[in-house]
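Participant: Protein chains in written order, with the working numbering: chain A, 1 to 376; chain B, 1001 to 1376; chain C, 2001 to 2078; chain D, 3001 to 3078; chain E, 4001 to 4277; chain F, 5001 to 5277; chain G, 6001 to 6185; chain H, 7001 to 7185.
Please keep in mind that the hints were generated in silico from the structure rather than gathered at the bench.
All of these numbers come straight from a predicted model, not from anything done at the bench.
Be aware that a few hints might be false.
Listed next, the in silico BS3-like pairs over lysine-lysine satisfying Cα-Cα at most 27 Å (straight line) [said to hold, decoys possible]:
#1 H:K7177 - H:K7106
#2 A:K258 - B:K1370
#3 F:K5216 - E:K4270
#4 F:K5270 - E:K4146
#5 C:K2065 - E:K4227
#6 A:K325 - B:K1327
#7 A:K48 - E:K4195
#8 C:K2018 - E:K4017
A few chain F residues that don't get close to chain B, going by computed Cβ distances all over 10 Å [unchecked claim]:
#9 Y5009
#10 R5013
#11 D5015
#12 K5216
#13 L5231
#14 G5251
Using N, Cα and C, we set each Cβ at its ideal position, and we do this for glycine too.
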Amino acid sequence: MKRHKDLLLHGNEACAMGALAAGMRLFAGYPITPSTEIAEFLSVELPKVGGTFIQMEDEISSMGAIIGASLAGVKSMTATSGPGFSLMQENLGFAAMAEIPCVLVNVMRGGPSTGMPTRPSQGDVMQSRWGTHGAHPIIVLSPQSVLECYTLTIHAFNLAEKYRSPVIMLMDGIVGHMWENVQLPEKIEVIDRPEPSVPPDWYNPYDNLPGGEIVPLVPFGEGYRYHVTGMVHDKSGYPTLIHEEVEQCLDKLIYKIKNNLHDIIRIEEYMLEDADICIVAHGSVARSAREAVNIARNEGLKVGLLRPITLWPFPRFHLENISKKVKLFVVPEMNYGQVYGEVLKSCPKRAVRVTRVDGELVTPAQIMEKIEGAAL
Amino acid sequence: MKRHKDLLLHGNEACAMGALAAGMRLFAGYPITPSTEIAEFLSVELPKVGGTFIQMEDEISSMGAIIGASLAGVKSMTATSGPGFSLMQENLGFAAMAEIPCVLVNVMRGGPSTGMPTRPSQGDVMQSRWGTHGAHPIIVLSPQSVLECYTLTIHAFNLAEKYRSPVIMLMDGIVGHMWENVQLPEKIEVIDRPEPSVPPDWYNPYDNLPGGEIVPLVPFGEGYRYHVTGMVHDKSGYPTLIHEEVEQCLDKLIYKIKNNLHDIIRIEEYMLEDADICIVAHGSVARSAREAVNIARNEGLKVGLLRPITLWPFPRFHLENISKKVKLFVVPEMNYGQVYGEVLKSCPKRAVRVTRVDGELVTPAQIMEKIEGAAL
Amino acid sequence: MKQKNDDPIHIFSRWCKKCGICIAICPKNVLESGTAGYPYAARPKDCIMCGLCDIHCPDYAITVKKNSDIKEAEHEET
Amino acid sequence: MKQKNDDPIHIFSRWCKKCGICIAICPKNVLESGTAGYPYAARPKDCIMCGLCDIHCPDYAITVKKNSDIKEAEHEET
Amino acid sequence: MIHTSETMYKYLRPDKKFPHVWCAGCGIGIVMGALVRAIERTGFTKDEIVLVSGIGCSGRMSTYLDFNTLHTTHGRALSFATGIKLANPELNIIVVMGDGDATAIGGNHLIHTCRRNIDLTALIINNNIYGMTGGQYSPTTPMECKASTAQYGTIEKPFDICKLVEACGASFVARSTTYHAKMLDAMLSRAIDKKGFSVVEALSQCPVQYGRRNKKGSAVDMMMWYKDNSLSNPAFKKIPPGEVGEQFPVGILVDLDEPDYLERYSQIVKKAGGDRL
Amino acid sequence: MIHTSETMYKYLRPDKKFPHVWCAGCGIGIVMGALVRAIERTGFTKDEIVLVSGIGCSGRMSTYLDFNTLHTTHGRALSFATGIKLANPELNIIVVMGDGDATAIGGNHLIHTCRRNIDLTALIINNNIYGMTGGQYSPTTPMECKASTAQYGTIEKPFDICKLVEACGASFVARSTTYHAKMLDAMLSRAIDKKGFSVVEALSQCPVQYGRRNKKGSAVDMMMWYKDNSLSNPAFKKIPPGEVGEQFPVGILVDLDEPDYLERYSQIVKKAGGDRL
Amino acid sequence: MTQHHLCLSGSGGQGLILGGALLAHAAVRDGKNVTMTSSYGPEARGGASRSNLIISDNPIDYPIPEKMDIVLAMNQESCNKFVPELKDDGILIVDSTLVIHHPPIKHYSIPFTKLATKAGVVIIANVIALGSIIALTDIVRPVSLKEALKERMRADLLPINEKALKIGLREGTKLKKNIDEYYTY
Amino acid sequence: MTQHHLCLSGSGGQGLILGGALLAHAAVRDGKNVTMTSSYGPEARGGASRSNLIISDNPIDYPIPEKMDIVLAMNQESCNKFVPELKDDGILIVDSTLVIHHPPIKHYSIPFTKLATKAGVVIIANVIALGSIIALTDIVRPVSLKEALKERMRADLLPINEKALKIGLREGTKLKKNIDEYYTY
Ligand SMILES: Cc1ncc(C[n+]2csc(CCOP(=O)(O)OP(=O)(O)O)c2C)c(N)n1
Ligand SMILES: Cc1ncc(C[n+]2csc(CCOP(=O)(O)OP(=O)(O)O)c2C)c(N)n1
Ligand code: SF4
Ligand code: SF4
Ligand code: SF4
Ligand code: SF4
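All chains, please: the whole structure from these sequences, using the hints.
Facilitator: As structure tokens, then:
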């Protein structure tokens, strides 16, 4: 490894660079610690590539603006933290319902409420899944390093376009605010919005295509006039209350994710082959966990790590497979146990949690304590 | 039963009447279907009792205003539906963090997004728990009838005052918009804010008292000057980043609920003594479920019903107890399976769901289908 | 409610909601309310083709035109 | 930076952030910046007790008063 | 003369949604007619027009017209529209909002869009009430009116929408009414052609939720009230204050020449050495 | 003369939070001094005062003063304050907000509080920037200024806060600066005594996030700039438009006599036959 | 039979929700259990607005009637739409003023709207219909509906509505007696 | 030893975050793995702002240094606060201009601020300190730090910072050689 070719990047900066690499050309946001560097970086860089940076009056309008931009055919993004994420929930639900690709970065800080703005947390894991009313499926990614802030942001845009869905980059405050050496990949895959395969008159933006194929979203202004609404709609986009159409509209949101779990879900396994104990951890906590695995292995304990990179949809089936082999799950988090709740759904009797909410990263020692406690 | 003494009430009206009976004297809200009748009713009735009705510019300010009113010593409430509930999440988190009693009514309509404004749903169950950033514990009640719209609203205010917490009345659109005969209880229990037990200089509004006793919230203006913030705070209310104080502040939010589960959680059991199959249902769906139980019993099937009246904290321990006796849980809901997810945490292998999202109530027949399918 | 084919006023009653605006707005008192409440041209000869009923009908249920009308209009406006 | 007890100007340097506003705002040029950057009354005799430094100090680190001052002030203001 | 109904048939979406959802006599249909005439006059093709609307009776307009249409969340139409415009400056964007949509929940977006001078056309249909949700008072309901949440009469000073947006910096501000339907389409075509943020307030009767409760008579009576109380702006300005009563000015109230946001942004791109698509 | 520092010691909370969090030379401390002098002058006891603040550097003020204090969510201070006032009209409520807090995310609450004329005193500390989050431009940052999100200069017309609230119906509007600290306390005590919604805009230097980036010099230089560019309102009005440049008026700009919301609401209670506590 | 399932339907302005509430109220006065749900919002403005009632001697669990014992259709659209919900032996009652195409099933036709117009105001057609339903089905006692009117109606509107009730009762009774005259297939 | 844990601390305006980034950047140029976290926000305005670094030959998992090999304290408050994080054999380096009370442990004192003022501007004290750290510990190569300066500094500020680096290196080297002169307990 020629590390001296590496760049030294800040997590937020890497995320913004990833967005640019993915072709994001409109950013709308409202400053909030600890996400602000993303906006600051892009306010400088977007004009250089002819893109648009706009600082909106609040988070609600930021979310609205990126949906609008995406409808006009431009990849768009916003970035925020907890309080702003709460405010974006209504429009986030709109994006999900109307199937508008876009990326929302939430750099998590200590909550609830104003909480601890400068302290990291993983407190918004459940909110990222359930924060809007009348829940909808969503894709949420969790990077563990500055490099992943870059690569997963690109991935987020790809998933957004591929599945016509908002995608959330859920970064904990450590990953977002860390500096780290990274070697940017030389080749990246960028998925752009596909061309429609039918002429305007045949176009139904919300059609249920056979085999679950997803209808390409044609940008406004290209001759495919159609209607977009947050109401339950039929295949052409008009509001409907007809039972079958309602079900089709809502089921499709579920199935476009569910039918593609293999493509959407990314996980990392570390030393799990022969493990008795499986740590489940994501984001910066996964780094503590990996260190804990190493320590444990040194002590002769058979410990491994499952790292959900895709947090939602949650890799339940991976977990269930692993649960057939391991005796215990240890779930360390910078919250009171949110991923832990998901683990419970697979293995209620064999999971313990390690929680930390004081604004510091869970340490390997804390994890080891639980492991050693269990191993006895 | 002398039913002809009954009143014929609309669910929303009963909720508003319950609030008045509980001593609510300030309502701030923003109209939204299907909750608006609550505001309309109170705009007429509150002035009659010298209370305040104000229609705010949006849901964010409505939630802000009721928190302010409560701090000034007046029981306060707002009512909304999905889109408004999403907008209230940030300030709801503030109320939880600053421990301000207040009641928020969400009459659920079909979602996500604008969805189906005039169609009922139970789509906000998980949002009511996890909708704000940096999750916090919360109390959520679900009435099944117009009578309960009245009685549980009173209960909601009592819990709010007792536990210094926002309480959510999560009504599905059926219960909220149904007319039904009700016999209002002649005597009701109303818990008012207790007087402080210490003089001003000794008062710490966020103290951790021995035995988990909750410090009374003294209204602004009564000589107990203190600071209220949404930031993580020490016992006197000032922002802090000291690890132990942070933990105390956040842990207390959890423990004041957790230590009082027996008092907070209400459930109803129906024909569960000898049941093989337990239906878990709340709100109007519980009525379908009760009818299904009756049908099933007629067919000789041993089916019973567990109805969580308190949705959050979820009655997990009741469920676990029942799970020792029954073979299967059937969870019908007007969503894709939110309570179902909670049931999974106790009994992942023995739960099935009945979902309905087209804006109609789950029918007893739908539930029976699952029961009969399982019974074979 | 019958309309002769050469009447300039065409009423599409499937869309009409019987609000009465056209009747009230007509400066020449051409329209009247029929028995089921639908407007009809009681005095079509008086029509001066001002189009006020047309542009004020909230439901686009009333059209004022002669055959040659549309082309003229385009000329006039552009 | 020493202050005589009869100086009307009292500087509480623990709170002072050395912004220099008091020095600039004094119409009589009474204050000066000391070696560590803290202001001190270089010409206390010139002080006319206008209090401008006092009300413009963002950190409440400077007080202008004589012994009898507070009572007089109260009289003046109410 | 553009024939509304004839013209309408060119622009209405060809499906079974007619007659539309609006109540008998509701002014929104008249406003929609004026909008279509205005667009027809500007000569833009359907593909070049984007119609963004909020939520409310007025907001339903986007469903009916054969443009690129977007029915947003309540109050947020201008935010979505801002995103569209910045992403594709070629598109002509018309934003239809109710008074509640634009000035209650959406008030902040309105004032900031004015300030930024984003090149959009806002059509605010002011019926003095929340129509869709059943007649609650809005920020434009006059004092002492009845509403479903103001059975004893309203006690809040209403906004003068035109004054508000003027104070916030809108480039073009005009007001018309459903009675002045022709003037309305003239104002709208001016507004659409205008570079910069334009606001057209269309006073529109809601006979059902506002009129009935406030004994304003039929839809026709309400339109006649508009006729009787409106004045041209110069005439209005001559009325001594104190004698204004219920009268209000119609016509163009503001028409400024200022660079719009995108023009200024292109300077930024230049400074940064970038190339704007 | 009220001695600020002496007076401050009576009102500052007796704990170890001093010196306060604001940067050296930051004007917020001067404004806080003026506020305390104003309150001292009104004669209200500490218990009768409620200080509500938003989030930002300015918002931190509520932590320091020994009143009933409430540090709300960003932009929402006026909503919380409205609830307090309506629940207990006896309390005197002062709402401290930054310019971003009050006019960006909180803009809607500001304009509606004006419209309703709720009897609150809003103190808007305008430092032309988002201080707390590190110097992003705010709705009051002048054109072509630099900010951490506007390295190429801002392109949005700033709000004139006083004009905005005047247009929305505030009862009392005044402006002062940290240079005019004495005038500021006079304005504030007038505002607190005023029945109805009062807004006092305090121009306040942020030498760190705004000044440094825009080469405005030291805190002292920035205050001198206030001195040099401010005029009394009558004097300001005499300047021919076009020659205004950077000058701005200070002093009382609006002072109306109108019933406030609660006065009107008590009429409602009477109509309903109720009894107001 | 202890449970009656009813549907009152018509167009938005015809007062079917108030009608349902009156009927429900009367049923409560009779000591019955009642649930009523109804359509609302902009959908209810158009041609097919409805109230659904269950009136029962026993507590009501599932609150939505599924197969109707009685359907009242006050206009054509709702007649078309809701007739399929009728039980095989259910009773269809139509406003013959506005329902022109009779569905090919047993039904009672009464010109409620015409009767209302004749009585002075069209808006009381709903109460006339209630009167007829009661007369035809005995679902609630007339005196209870009268009480309901008293308790729910604005005082100035009470007399005309009481008159409407009377007309409805009379027409219903007539029909019940002269079944051949009205009862059509 | 493959991992170095460092803490650069001082007050808000002293440029410790930039300092950390420069050091990290230099380490990357040396082919090392680096993580750096730092305090920010209003808390970092006051007396105790910090950057924490790990510099390592191997990939870094847990990214937060726990026990420090090196603590740089540029003012008294941070000295008091962060010394407890030092390893038993860790190296404390203090700015003797501003750190008056020496903690009772081994440490190097260098008057960074005074040196900076003498060199022309106080703000280069951070880079002087970096120079000395490098000279004392060999944690990164001086040439790499020079590169880092070039890549991260605005061109007009480069010369003065290069000068600062030189001063720092010189002072550090002096100290290393004349250990008795500076090395105090
Ligand atoms: C966040 C949110 N709050 C409330 C509503 C409910 N709602 C729908 S339309 C509307 C107001 C309609 O009034 P207006 O904007 O004046 O339009 P109109 O219907 O009168 O044309 C309201 C409050 C909503 N859909 N979303
Ligand atoms: C909902 C939300 N969005 C954003 C923030 C982040 N934030 C905190 S203070 C602030 C702005 C501060 O600027 P201003 O209100 O002008 O006050 P100042 O700090 O300049 O006094 C922002 C954007 C937040 N706390 N909450
Ligand atoms: S204006 Fe239109 S809807 Fe109204 S009556 Fe005339 S034709 Fe019918
Ligand atoms: S104004 Fe205050 S803080 Fe500034 S130098 Fe003078 S005493 Fe110190
Ligand atoms: S409620 Fe009012 S605004 Fe809405 S459609 Fe009916 S008349 Fe028009
Ligand atoms: S950042 Fe600006 S506003 Fe905030 S404390 Fe510092 S100088 Fe004051």
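Participant: State for each hint whether it applies.
Facilitator: Hint-by-hint comparison with the structure:
no. : hint              : result
1   : H:K7177 - H:K7106 : holds (16 Å)
2   : A:K258 - B:K1370  : holds (22 Å)
3   : F:K5216 - E:K4270 : holds (26 Å)
4   : F:K5270 - E:K4146 : holds (16 Å)
5   : C:K2065 - E:K4227 : holds (26 Å)
6   : A:K325 - B:K1327  : holds (26 Å)
7   : A:K48 - E:K4195   : holds (25 Å)
8   : C:K2018 - E:K4017 : holds (18 Å)
9   : Y5009             : holds (16 Å)
10  : R5013             : violated (8 Å)
11  : D5015             : violated (7 Å)
12  : K5216             : holds (30 Å)
13  : L5231             : holds (34 Å)
14  : G5251             : holds (30 Å)
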